[in-house]
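Asks: In case it helps, our numbering puts the sequence shown at residues 138 to 783.
Errors might be hidden in some of the hints.
[As the list claims (entries may be wrong)] Subject to a maximum C-alpha distance of 27 Å in a straight line, what follows is the list of computed BS3-like cross-link-like pairs (lysine-lysine):
#, residue 1, residue 2
1, 668, 622
2, 380, 207
3, 709, 414
4, 295, 207
5, 230, 668
6, 380, 414
7, 433, 520
Because the hints were derived from the structure by calculation, they are not lab data.
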Amino acid sequence: MVRASHKNPRDVAQLSGKLLEDTIEPSLALSTSDSEQWVTSRDLTETSLPYVPEVMDSLTIFLLTHVNIKSSILFRADIVHDSLGLLKTPKEKEQAFNQTGNNSLANIDDSTDDVEPRPAREIPGFNLTRTVVRRFIPRNSKLDRPMEQTCHFYEETKSIPSLSDGANTVGIEAPAETSIRRYLVVYTPHASKEDMPFYHPLLQALAFLYDYDPNATSSADGNTGSGTLSIHFVLFPEEPIQKRLERTLHSLLNNQIRLARNTRLDVPAENNNNPNKDNILPRHLVQDTYARLKWKYGPDLCERWVESTDPTKHVFEDLLITAFLIELWRNMYGVVPAEERDGRDDDNRFPGFVDVACGNGLLVYVLIMEGYRGWGFDARQRKTWSIFPESVQSQLKEEIYIPQPFVDEFTALGLDDELLNLGIKYHSGRFPQDTFIISNHADELTPWTPLMAAQAHPGSPLPFIAIPCCSHSLSGARYRYPPPKGKGKGSSAQRDDDDRQVEQNPQPVSGDLKALRKAKEDALTDKGFYKSQYGSLTAKTVHITEEIGCEVETTLLRIPSTRNMAVIGNRKCTIEKWGSMLNPLETVAETDQRYIAQRDNEVAIERVNDLVHRECSREGGISAAAKIWIERAKGLNRGAGKGGGH
Numbered sequence: 138m139v140r141a142s143h144k145n146p147r148d149v150a151q152l153s154g155k156l157l158e159d160t161i162e163p164s165l166a167l168s169t170s171d172s173e174q175w176v177t178s179r180d181l182t183e184t185s186l187p188y189v190p191e192v193m194d195s196l197t198i199f200l201l202t203h204v205n206i207k208s209s210i211l212f213r214a215d216i217v218h219d220s221l222g223l224l225k226t227p228k229e230k231e232q233a234f235n236q237t238g239n240n241s242l243a244n245i246d247d248s249t250d251d252v253e254p255r256p257a258r259e260i261p262g263f264n265l266t267r268t269v270v271r272r273f274i275p276r277n278s279k280l281d282r283p284m285e286q287t288c289h290f291y292e293e294t295k296s297i298p299s300l301s302d303g304a305n306t307v308g309i310e311a312p313a314e315t316s317i318r319r320y321l322v323v324y325t326p327h328a329s330k331e332d333m334p335f336y337h338p339l340l341q342a343l344a345f346l347y348d349y350d351p352n353a354t355s356s357a358d359g360n361t362g363s364g365t366l367s368i369h370f371v372l373f374p375e376e377p378i379q380k381r382l383e384r385t386l387h388s389l390l391n392n393q394i395r396l397a398r399n400t401r402l403d404v405p406a407e408n409n410n411n412p413n414k415d416n417i418l419p420r421h422l423v424q425d426t427y428a429r430l431k432w433k434y435g436p437d438l439c440e441r442w443v444e445s446t447d448p449t450k451h452v453f454e455d456l457l458i459t460a461f462l463i464e465l466w467r468n469m470y471g472v473v474p475a476e477e478r479d480g481r482d483d484d485n486r487f488p489g490f491v492d493v494a495c496g497n498g499l500l501v502y503v504l505i506m507e508g509y510r511g512w513g514f515d516a517r518q519r520k521t522w523s524i525f526p527e528s529v530q531s532q533l534k535e536e537i538y539i540p541q542p543f544v545d546e547f548t549a550l551g552l553d554d555e556l557l558n559l560g561i562k563y564h565s566g567r568f569p570q571d572t573f574i575i576s577n578h579a580d581e582l583t584p585w586t587p588l589m590a591a592q593a594h595p596g597s598p599l600p601f602i603a604i605p606c607c608s609h610s611l612s613g614a615r616y617r618y619p620p621p622k623g624k625g626k627g628s629s630a631q632r633d634d635d636d637r638q639v640e641q642n643p644q645p646v647s648g649d650l651k652a653l654r655k656a657k658e659d660a661l662t663d664k665g666f667y668k669s670q671y672g673s674l675t676a677k678t679v680h681i682t683e684e685i686g687c688e689v690e691t692t693l694l695r696i697p698s699t700r701n702m703a704v705i706g707n708r709k710c711t712i713e714k715w716g717s718m719l720n721p722l723e724t725v726a727e728t729d730q731r732y733i734a735q736r737d738n739e740v741a742i743e744r745v746n747d748l749v750h751r752e753c754s755r756e757g758g759i760s761a762a763a764k765i766w767i768e769r770a771k772g773l774n775r776g777a778g779k780g781g782g783h
């Protein structure tokens, strides 16, 4: 589901220009009972829409859970009940993602059994086809409470006299009657007027009605088939139509029309059509953990922020990444945050983490406070480190990463003194067995992340997450990778591409705004993403991981940043390995030996070395690349290039 332009999709010249309360009239389509007075308005009706009813149905199903598209106040809506059993409840989603076979993912209250759907209305001519109950989850649980809502789906096929006014002009006799297909969804909140949350319209019920005449002509494109979308609602007794409600109703209609333009019938309606979103973890787990971390750490960190940067951006973005990591480790190792352990020692269940190029150290701080062992390093100590407890500061190191192939090259050239005279401690990524590597917007270290994971333990590469940002070659110099040629993100066809000269930071020769707008729209698609500099860097990181024989996955993080693609390495094999290591009948040493035996160390090391030598050839070889890396390291230590680089 692609977000469309925010341009008003309706012709405002066709609206009355009056207040909604002056245009409402009884709804003839929804006459349910004398106690409910359904009303509508011509200003809440849009005609000549070219969409078949299946489009409206698919869009409606998608929006049942993706309510955040229409409201910034809401995280999502969880499904409590679906009469067709197609939409999954949070528990059912957790079970599908729970690859470790433990119960650690089941960490939310499954209070769905006591929620009953509201009774369905008997609407003349319509047949009830489906009943769904959803629970709205607000972003700020301290201001807004969750609320259930019943959604009833109806359909009707109605024969009426043909109103086609053009058939005879081409010598075709107009049919005597035509079948109108009617699609209706009625939303009923489980709340009284006094208890209605701010994010929900102050209404007893709301309905979308779509009438589709397959024989009429749509003025939108001239094709046969035309639909009419209208909104109907029931006010609370003696409740006037406030301006906020009027704006909300118009917005709902506008959004429905706008989003229908990009609704695809070849994609399952209940799924997000982006295969890289919510494909590693259920969305609700990450969002709920983020909400907890946000209120636990957010206000204090923003208040004590000592950097010159905007704390609201960095704090909440890193808290969301932390929430993802907590739930990822729950999935991989069965380890839970400290407050969920109930006295259980999880140190043996988690191998520890390292945050390379840790920057402000916020990830390290929150993860340690949440009970996870680990440390982080960066080329320079940041001001933010000083606001953390001493126990956290001791785990933040001022160190520079120098890849082992570069260290070996300098040693072979007899230039060990160059390394010793850096003026700062360095290491070559020899992390302990099973350490989880975090590479969050690590710039120069991004393409090295899968390599350091493999070099640390070739027989059993370390698991990692890399969130790419700025594009660099293996020498650390800025470099724009060419887009992958093959079908896949990390296709082997990219090997031939990498030797091709590409223009770095290309700029258009003329100010063609139309072409620029089209390029931005194309970038929102999967194919267009991998043509961008950021997409090409992501594809390169994936390709490196694949080439050295490691397992790799990608997922979009729900962080407020355009740099939100995560590359995750060796997750599934770690789940399998860690499940065996937790087997009391097998020792950790035996498990390590068995997994190491599955992978030829010499072959793995050779793959890494071949890749490094090939990639460094564009700088004149590994010696030249190593010298570039060392010179940049010296510059970082002197404080040069503070705008970027680690």
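Asks: Does each hint fit the structure? Answer for all of them.
Replies: Against the structure, the hints:
1. 668 - 622: 10 Å, holds
2. 380 - 207: 18 Å, holds
3. 709 - 414: Roughly 18 Å between the alpha carbons, so the hint for residue 709 and residue 414 holds.
4. 295 - 207: 32 Å, violated
5. 230 - 668: Violated - the C-alpha atoms of residue 668 and residue 230 are around 33 Å apart, more than 27 Å.
6. 380 - 414: 36 Å, violated
7. 433 - 520: 22 Å, holds
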